[in-house]
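Chains as they are written, first to last, in my numbering: chain E, 1 to 149; chain X, 150 to 649.
Hints are not guaranteed to be accurate.
Stretch-level coverage of chain X by chain E, calculated; a stretch enters the list once three of its residues show a Cβ under 8 Å from a Cβ in chain E [to be verified]:
#1 535-549
#2 561-567
Which residues of chain X face chain E? A partial, calculated answer using Cβ under 10 Å [unchecked claim]:
#3 Leu316
#4 Tyr342
#5 Arg396
#6 Ser554
#7 Tyr573
These aren't lab readings, by the way, just hints derived from the structure by calculation.
We treat Cβ as the ideally placed atom computed from N, Cα and C, and that holds for glycine.
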Amino acid sequence: MEGGIRGKQDVLAGLLFLFFGLAAVVLGRDYPLGTSMRMGPGYFPTILGALLIVLGAGVVLRGLLVRDEPMGRFELGPTLLILSAVALFALTVERLGIVLSVTLVVLVSALPSGHFRWHEVIVLALVMVGLAVGLFTYGLGLPFKVFPG
Amino acid sequence: MDLLANLAMGFAVALTWHNIAFCLLGVSLGTLVGVLPGIGPVATIAMLLPITFHFEPASALIMLAGIYYGAQYGGSTTSILINLPGEVSSVVTCLDGYQMARQGRAGPALAIAALGSFFAGCVSTLLVAMFAPPLAELAFKFGPAERFSLMLLGLVAAVILARGSLLKAVAMIVLGILLGLVGADPEVGRMRYTFGLPELTDGIGFVVVAMGIFAFGEIIANLEQREEREVFTKNIKGLWPTREDFRASWKAVLRGTAIGSLLGILPGGGAVLGSFAAYMVEKKIARDPSRFGKGAIEGVAAPESANNAAAQTSFIPLLTLGIPSNAVMALMVGAMIIHGIQPGPQVMTERPELFWGMIASMWVGNLLLVILNLPLIGIWVKLLTVPYRLLYPAIMVLCCIGIYSLNNSVFDVGVAVVFGFLGYVFIKLKCEPAPLLLGFVLGPMLEENLRKAMTISRGDPSVFFTRPLSLSMLTVAAILLVIMIVPTVRRGRDEAFQES
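So that you can see chain X by itself, here it is in the shape it has in the complex (with noise of 0.2 Å):
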């Protein structure tokens, strides 16, 4: 068999001492930013990219990933013992879990909480080694015209994803687009909107942009919320469920799994709206829906196992099609690039080594998620005492040297100051950034490859709806939008956010 060949050339390149302390190290990262709140794994692999350089680029990624997926471990533990979601993709997760916590049950949730992340990831890395050949396979296939379609589609995914209005989140994924064009043309070479500035020939960094809105920016709406927090770390008594918890998880687990692989798949998906759509599904069919938002442990173990699978399930696109899904694989791409890979199908042919030594390192972390979470747990718990006020200086202080290493680049630096002033703004105006952001990636891309369609095509824009595979991918996109203006819906997605 292919697949078991191809693992075993990963793991033995997964396995090594070097990498599965990259691994640890990735994983530790990530949880650590999953707990704390106020700092995510954008602005935490944005912050490491630069470091990344001086290491081997399978150790890079490795390292990496583990932050992503850690970081949906860790969110958990927050969400759980402070209803504070540590991680976006873990809001779901306060509802029924921070419920279970103060009926003294903080230790079954975290442990389902664990396990089901376990069973998840164990299941989408499995996937991803099944499913990215076939896909890089059809890739090879895709033609500029193919390409625009599928990131157009994303770009459709990422509005539904976001949250609040949807008429801004367009806007908002038009902005970054016409922010990424910002530079040289790739064609001509004519320089658009740098206003004689050379630092911008190049375009504005992507690090910058991430830094400046998801670190600065919300250090500063952190800032104005003054909370205190409530930590129920006495009640952790027993950690382990007993057997009625798990009759009434397994399955949750598994329909959990389920929907996250599936929605983390999708361009525009990820872990956020893996744990929504889980959560929902679970209250839907739910025999006594009430339950639900008092403690129902169904409602950690379904959101928790679904962000998990589509943290992993979301490296499926960019490791075929060499299109970023979310923020964190764009961010991942950047990673690549520095280290002179070009993310597409051809990774999976020209460095074999590289693309299932990542996948079957993910099973090595996730494997060391659950010794860190479970056994463990105590200390991250420690960490939640560390107050804000001492957390978000150091923040900035990694920030600062991230920014200005990635280029030694002082001019970055001035940059990501404008970025993070636009970063408060857009979340004082509800403006959700990650559109933008993804547009910012996307953007240079769907022009460059909607120019190449329509110079083939010799000016008839007719060639991306004769194209069976970009006309599939069109329709799709098309029935998402309809599907979205629906009033039923529309308000079903609505509630879903509201109760977060």
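With the rest of the complex left out, here is chain E (with noise of 0.2 Å):
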């Protein structure tokens, strides 16, 4: 996008606002007003997302007006792999216990380090499950599971 909007970071900001303002509004049409002196449950949220909504505009109007240095690209792939790490334990901490889970945090976050190798991984996740079973789970008294089944 060379050349075309000035402050990209600004625009996009203002949208993202922009959105939740409008949501913010928008679903909380359904919530009573209420009145200044008894105020439903739709008199402040529908305030502050009329608010939002003014403000992102606001951050759109100043992205494309002034000029902003350019916007680092949006790196997916770290994003996915973090992200997915984080959720993996979610989906397996309850089913497969701690041990896997843990093992599974550690492998898949470490993936977009740059620098990945194996027998460090598996060192560091070694270190992880000893400390989540022995400190957490046994010293801490956290309920987790520790294996399987």
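Taking the hints as your guide, dock the two standalone chains into a single complex.
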């Protein structure tokens, strides 16, 4: 997008705010507004949503007028891997137990490090599993299942 | 004297072996995360919050507080040695600290930072002890209108604290408040923005948001920059500063302490604002401002004193008014609530041992920190050689365990994924996430007090302007806003942030 929009960050950020503001107002239509003396559940969020729409529009406008330094690329790979590691933990911790779950988090999150070395990652995984089982499960008594089944 | 009797009671609590151990644990962890770039006190405290449930309340709070001010000490080490701030509050320390290290004077820089922090810590502990009781008295006079205005003032102050665009900072606060309102309406129980998910009835967990944004979002952003670090470890010859160094820096330490203490009390303030302001002042009043950025010792002494002072005085609004002034204090609220303590002025009267014990522990903690950071500096320096590629998967594991064990909820971990993504997007779009978090915490309180105030006044909004305390806070907020819009001040602020 060379030359097109001047402040790309601001335009995108403004659109994000606009989206959230609109969502707040639109979803908030279902909630009773009440009166200023007895404010209903919809009163405060609707005001805030409207305010956010105005602010978002302002940020978009600024982005169109003021030049900003070029925005860095969105790194899709690391983003997906890091977030998948967390999601994997959520999916596996109750079914497979903490040992496998922690191992998965270490393995997947280490992938985008740029210097992935198997021996390092395996040692790290062992240390973290030891910590999770020794300190958190037995030491502090957090109710984790250790192994599957 | 009341103060002495109270402090004596506090030390009786803080000086038990048990609590000294927790204090040591807290400040060591604080130094550790302070030294390590890429993980800060917010993520750490959030991570440990669920575990503190198993401790006694006083021990838990002593440890968590130690993490916050301990991180201020540790942050300076990284700034000075590798020109990479371990904490945001140590950003300005890089400017002169790193230059000192390059000139082979890393030792004196580290020593002055630690000694300045210690002095500031002692003074601000005393300040907390002195000012908290009268402020708590005042707080009992607060009605919903005053509380609403005070929180508004805090949010305005948070805007100034944020880097970059003001407009975006305000928008982030509003978005934060909105996110804070998710869940059952406090008065009528109507579900708001829950999309029919029963897990959201009590709202989105604060820890979940904090970890998502400050841990996962940060990690993704950090992975983009694979910088080579240059560590000046060989250059630490003598630790002790020369007589000249002391002469040059004692006034800077005093000024830094004063500025930090003052800005710490301000809701929305905290360690970051304090260190920036202190550095700017030093540069302004210096006879030869051109020395700054080239290894001026005042440029290390002032901000390091200020950030530690501010870290401690920022407990004042929390302990007296029950209003958290920054993200760390918001986590402290969470810690208190876990133990069934409602933060606010009544803590001092109902749980004096807790209140004074925590204050006394700050002094103990500062003493421990000087020991940890001067004779033992070598250990922390070694830690800097641990590569990030080994560090962040470990952080990931600890965060996952922390979020899950808060409520034993898989759902919470899933929500953290969403906020991790949002956090990364915010960083990319240059939207500072700290104001969002503050808005998120204050949101529900803001709404509750607004509704109460309006009901009491029978729907007349003038109540906020006719009650003197409320009016004065709104006036201060308005003045701050106007000052921020004045072009010259804005430029000054931009410059200050630019230098970092």
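Hint numbers contradicted by this structure: 5
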